[in-house]
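Next come the chains, spelled out residue by residue.
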Amino acid sequence: MKLVTIVCEAILEDRVVELLRQMGAHGHTAFPVHGSGNQGDRSADISELGNVQLQVLVKPAIAEALLTRLQTELFAAFAMVAYESDVRVLRPDKF
Amino acid sequence: MKLVTIVCEAILEDRVVELLRQMGAHGHTAFPVHGSGNQGDRSADISELGNVQLQVLVKPAIAEALLTRLQTELFAAFAMVAYESDVRVLRPDKF
Amino acid sequence: MKLVTIVCEAILEDRVVELLRQMGAHGHTAFPVHGSGNQGDRSADISELGNVQLQVLVKPAIAEALLTRLQTELFAAFAMVAYESDVRVLRPDKF
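Protein chains in written order, with our numbering: chain A, 312 to 406; chain B, 312 to 406; chain C, 312 to 406.
In case anyone wonders, no lab produced these hints; they're calculated from the structure. Quick reminder that beta carbons are idealized off the backbone N, C-alpha and C, glycines included. Among these hints, one or two may not hold up.
[As the list claims (entries may be wrong)] Derived BS3-like pairs: lysine-lysine, alpha-carbon spacing no greater than 27 angstroms straight-line:
| id | chain 1 | residue 1 | chain 2 | residue 2 |
| --- | --- | --- | --- | --- |
| 1 | B | Lys405 | B | Lys370 |
| 2 | B | Lys370 | C | Lys370 |
| 3 | A | Lys370 | C | Lys370 |
| 4 | A | Lys405 | A | Lys370 |
| 5 | A | Lys370 | C | Lys405 |
| 6 | A | Lys370 | B | Lys370 |
| 7 | B | Lys370 | A | Lys405 |
| 8 | C | Lys405 | C | Lys370 |
[To be verified] Cβ pair distances, simulated, as ranges:
| id | chain 1 | residue 1 | chain 2 | residue 2 | range |
| --- | --- | --- | --- | --- | --- |
| 9 | A | Ile322 | C | Pro403 | 21 to 31 angstroms |
| 10 | A | Pro371 | B | Ala388 | 24 to 34 angstroms |
| 11 | A | His337 | B | Ala388 | 17 to 27 angstroms |
| 12 | B | Met334 | A | Thr383 | 14 to 24 angstroms |
| 13 | C | Pro371 | A | Lys370 | 44 to 54 angstroms |
| 14 | B | Ile322 | C | Ala372 | 43 to 53 angstroms |
| 15 | C | Pro371 | B | Pro403 | 36 to 46 angstroms |
| 16 | B | Asp325 | C | Asp404 | 37 to 47 angstroms |
| 17 | A | Asp397 | C | Lys370 | 13 to 23 angstroms |
| 18 | B | Ala387 | C | Gln382 | 35 to 45 angstroms |
| 19 | B | Ile322 | C | Met334 | 37 to 47 angstroms |
| 20 | C | Lys370 | A | Glu384 | 23 to 33 angstroms |
The shape of chain A in the complex, shown without the other chains:
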C-alpha cells in the first residue's frame, strides 16, 4: 500500500478531501502544521492562514492517479507539497 502525504493551505483542506473521496479513499487523517516553504513562513496560530498535512492510505494505482490529479488540478495555482511512500498496512482489505 501507499501512504500519500499532502501539505497544503488549510483553506484547501475540504477541496483535497473531496478529491480523496472521488478517488475512492476510505478515510484520511489531517492535522495542522506550521513551517516554511517557497511562499515563506506559515504560522499554525492563525489556523485560517496555516497549513494542514493530510495523509491517506491507498492502493498504488490510486496513489498514482491521485498524485496526477493533484498536479494537474491544484499544484499550478496553490502552494502544495505531495509525496508517497511504501507502507505495510494491517487489514489492507479495508482500503
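With chain A fixed as given, assemble chains B and C onto it according to the hints.
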C-alpha cells in the same frame, strides 16, 4: 528499523501506549488528528472524541509482534488503522 | 528523495530550522507532539516544555549531511530522535 504508525480514538491512547511499553518500545510520539474513516468524520475540536496518531520506532521483530497484538487485542473492537514503514534511524542502538 | 524526520524539544525548533536552512532545505513542516522517551513523559499542554516533530524533504546527499550534522552538533547535548525514509515527491525539482 521500522516506524509503526497507529491511528485510533484518543480514549484508546493510554491503552496503546501501555501495549508499546509491554513490547519494549523506548519512547513514542503522539499528536491529535482529525479526518474520516469507516466510522465517519472525526473532529479534533472535541479532543475526547477525536483521534490520535501514535508513532514508534522499533526493531522489525518488535514491529511484527506489535502489529499482531494490535490486531488480536484491539482491532476487532475499535476503529483503528496501523501500518509500518522502513526508516534509517540515527543512533539505532537506543531503540 | 528523502523525508527526514526530527523529534526534539520545542525550544530547539529554531535551532534545527536554522540548520535546515544552512543545508539548503527548501521548506519544512513542524507540529507539536507529546509522548515519552528516555527522558520520560512529555506533555504537549505546556508548549515550552513539549516536543516538536519537524519534517523536511531533501535529496539523499543532503539528508546524509543533515543527519551527520545533527549527530555531531546536537545529539550529544539534547534529547532528540532523527530518521530518514524514501519518498517519491511530486515536482522534485522544487527541492
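Now for the hints, and whether the structure bears them out:
1. Lys405(B) <-> Lys370(B): With Cα atoms ~11 angstroms apart, Lys405(B) and Lys370(B) stay inside 27 angstroms; holds.
2. Lys370(B) <-> Lys370(C): Since the Cα atoms of Lys370(B) and Lys370(C) sit roughly 26 angstroms apart, the hinted pair holds (cutoff 27 angstroms).
3. Lys370(A) <-> Lys370(C): 26 angstroms, holds
4. Lys405(A) <-> Lys370(A): 11 angstroms, holds
5. Lys370(A) <-> Lys405(C): 26 angstroms, holds
6. Lys370(A) <-> Lys370(B): Cα-Cα ~26 angstroms, so holds.
7. Lys370(B) <-> Lys405(A): Since the Cα atoms of Lys370(B) and Lys405(A) sit roughly 26 angstroms apart, the hinted pair holds (cutoff 27 angstroms).
8. Lys405(C) <-> Lys370(C): With Cα atoms ~11 angstroms apart, Lys405(C) and Lys370(C) stay inside 27 angstroms; holds.
9. Ile322(A) <-> Pro403(C): 21 to 31 angstroms: 26 angstroms, holds
10. Pro371(A) <-> Ala388(B): 24 to 34 angstroms: 30 angstroms, holds
11. His337(A) <-> Ala388(B): 17 to 27 angstroms: 19 angstroms, holds
12. Met334(B) <-> Thr383(A): 14 to 24 angstroms: 44 angstroms, violated
13. Pro371(C) <-> Lys370(A): 44 to 54 angstroms: 27 angstroms, violated
14. Ile322(B) <-> Ala372(C): 43 to 53 angstroms: 44 angstroms, holds
15. Pro371(C) <-> Pro403(B): 36 to 46 angstroms: About 18 angstroms separates the Cβ atoms of Pro371(C) and Pro403(B), which means 36 to 46 angstroms is violated.
16. Asp325(B) <-> Asp404(C): 37 to 47 angstroms: 45 angstroms, holds
17. Asp397(A) <-> Lys370(C): 13 to 23 angstroms: 19 angstroms, holds
18. Ala387(B) <-> Gln382(C): 35 to 45 angstroms: 42 angstroms, holds
19. Ile322(B) <-> Met334(C): 37 to 47 angstroms: Holds, at about 40 angstroms.
20. Lys370(C) <-> Glu384(A): 23 to 33 angstroms: At 27 angstroms between Cβs, range holds.
Comparing the model with each numbered hint stated earlier shows that hints 12, 13 and 15 do not hold.
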